[in-house]
Amino acid sequence: MDEQSRLRVFLVDDHAMFRAGVRAELGAYVDVVGEASTVGQAVTAIAALQPDVVLLDVHMPDGGGRAVLESVRKSHPQVKFLALSVSDAAEDVIGLIRAGARGYVTKTIAPDDLADAIRRVADDDAVFSPRLAGFVLDAFAARPDAPVADPELDQLTNREREVLRLLARGYAYKEIAKELFISIKTVETHVSNVLRKLQMSNRYELSRWAADRRLV
Amino acid sequence: MRPTSPARRRLIAAHDPDRSPQKGTSLYAVRKLYRDPSRRLVAGVASGIAGHLGVPVYAVRVTFVALLPFDGLGALLYAVFWAVLSSAPGVLPKKRDKRQMLTYLALGLGVLLVQQMIGLGGGSNMFLGWLIAIIAIGAGIIWHLADPDRRRRWTSAVPNAPWLGAVVDETSRRSYLLRIVGGGACVIVGIIGISLVAAPHAGVGFTELLGGLLYALVALAGVALVIAPLLWRTFGQLRAERVGRIREQERAEIAAMVHDQVLHTLALIQRKAGDTKEVVRLARGQERTLRNWLYKPIASPTEKFSAAVEEIVAEVEDTYAIVVESVVVGDIDVSERVAALAAAAREALVNAARHAKVASVSLYAEVEADAISVFVRDRGVGFEPAAVGPDRHGVRGSIMGRMERHGGTSEIRSEPGNGTEVRLFMPTPEGRERHG
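Chains as they are written, first to last, in this note's numbering: chain A, 1 to 216; chain B, 1 to 436.
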């Protein structure tokens, strides 16, 4: 990849040690153009720098990553967000996804996988960890008693379900494409569709689940 | 893990045969007279006495009723017994038998009618007996407030004035106040009645009595005004102290967790800093413990499939120093088949940990209406399935054989250099019904 097309990445995390680590690891793949440790700093700096992708910590003082997302997304819709969390509990992440993040990875992710995820998010694709895929399958499970208001948004297609299952089983996009005899681009489309459903659906389980944890 | 709540402990005590009152009536134990509310018609006095004397309950009850005409002696005795006797320990009150009560009520009425007809007793003495009974009832209401465990709580709340504890204790202050006022009213009415009946010619008229009562009330109000701030302050202190105690308890729990686990792990990591694998194992184990402590409700691995999977994942991570990325969707109660599935999944994890030469393995388990599926996948060295000899017990016996024996199926996919995936399927009872 030549210098011109290197992605500009911004780091938001309240742990200086973690920021330094990520900066060192990602240096080979992308340009880390700035970092912030508080919500206020992040909002100002992102508006000024207009990075391609923001790596956003879920847990921070003053409202966490969600507060950053909510204040930046309206004014700068072209900036993509990738949530990073140490907790790996879907309930911590789902709020960020619903607020507009394009994906979620855990902080233990390997550097090249992280670079891959950043590239994917910059291309407007979605990034799901196995655990997030598992949660979505759970929340969208075909329960006979669940009322469906909007079939387009409230249900997953069989194909999407298959893709999510393979994601949850630890398959990479390339492997999923091979397993299902489809192209990588099609896999990406399926995952993006699932992300859209996850963000837009008012499915009963989703709202109840989110309300239980006071997220929406 | 969860501590038994006090209410539950009490319930257990009540059902514990070793602590039931029958034990107290054995030959060698000291026999103490209790009320027996488990066989009560009114308050369990008669059944308690009957149990103590070894005579039929109805005999005691009839005696009480028969004593009614003698200046209300039956009621008086009953009230006094009730006030003085405490309820047998560990006995839960039962619902009263209304029909039986009606019988004795009719009997009592009959006895009183007969008394009226033959003119036995009666007059002021008769009235006196009933008044004393009222006083006894009032006193009883107040005394029964102070049964031992209640008293202990008050004493710990306000060490130098237990009675104050009763008033400021938050949990049931209202009912205590109600009982104290009600009991007090009974006693006062009884005493005033007696003084009226016993000395009707002392020149104390109704008006004077009312005036006296009013003055007494004014005096009481004055006293209340004086001690109200004290009561209020004590109440506030008590609440602050309770909040402090809870906070202190939580702090101690967190401190214990940090001290016993986190600091210990950090010390171990420092000592083994050179051994990467061991450091990862320690960190991973500690992470799991903290995570469980922070987020997860505790389910027993012998009850829930998801908990069973978590347990085997933890065990394999600990033993083989690898990371297992586990995702479980849905849940089901553990049965013999489900346990077999979990055991096969464990075997698959162990195989991957031993032979795949990787740092992490993925496990995905999904519970659907018809079947449970488990996938264990690694990106390790893989092997040629056809080349595995029949002596390889791990795969054939522990995974495939186990699944088949319990009505499930298994499939192993592997190619050299491209990792291995073990797929396990077990039909649920529902699924077996549907598909025969």
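Treat the hints as calculated values from the structure; they're not laboratory data.
Careful: at least some of the hints might be erroneous.
What the hints assert, rightly or not - Chain A side only, calculated, beta carbon under 10 angstroms to chain B, not exhaustive:
(1) 43
(2) 45
(3) 48
(4) 49
(5) 73
(6) 74
(7) 76
(8) 119
(9) 134
(10) 135
(11) 141
(12) 168
(13) 170
Just so you know, these numbers come straight off a predicted model, no measurement behind them.
Yeah, the Cβ is synthetic: ideal placement off N, Cα and C, and Gly gets one too.
Going through the hints against the structure:
With 10 angstroms as the threshold, the beta carbon of residue 43 of chain A stays out of range of chain B, its nearest partner Cβ sitting at about 29 angstroms, so the hint is violated. Taking 10 angstroms as the C-beta cut-off, the interface hint given for residue 45 of chain A is violated, the closest approach to chain B being about 31 angstroms. The criterion of a C-beta within 10 angstroms of any C-beta in chain B is not met by residue 48 of chain A, whose closest approach is roughly 36 angstroms, and the hint is violated. The closest approach between the C-beta of residue 49 of chain A and any C-beta of chain B is roughly 34 angstroms, which is over the 10 angstroms cut-off, so the hint fails.
Because the beta carbon of residue 73 of chain A sits about 28 angstroms from the nearest beta carbon in chain B, more than 10 angstroms, this interface hint is broken. Among the interface hints, the one on residue 74 of chain A is violated; its C-beta lies about 32 angstroms from the nearest C-beta in chain B, farther than the 10 angstroms criterion. Hint status for residue 76 of chain A: violated, given a least beta-carbon distance of 33 angstroms to chain B, over 10 angstroms. Hint status for residue 119 of chain A: violated, given a least beta-carbon distance of 21 angstroms to chain B, over 10 angstroms.
A cut of 10 angstroms between beta carbons decides the hint on residue 134 of chain A: the least distance to chain B is about 4 angstroms, and the hint holds. Interface hint status for residue 135 of chain A: upheld, as the beta-carbon distance to the closest one in chain B is roughly 8 angstroms, under 10 angstroms. Below 10 angstroms, beta-carbon pairs count as interface contacts, and residue 141 of chain A has one with chain B at about 7 angstroms; its hint therefore holds. Look at residue 168 of chain A: its Cβ gets to within about 5 angstroms of chain B, closer than 10 angstroms, so that hint holds up.
For residue 170 of chain A, the interface hint holds, since its Cβ comes within 10 angstroms of a Cβ in chain B; the closest pair sits about 3 angstroms apart.
Checked against the numbered hints above, the structure violates hints 1, 2, 3, 4, 5, 6, 7 and 8; every other hint is satisfied.
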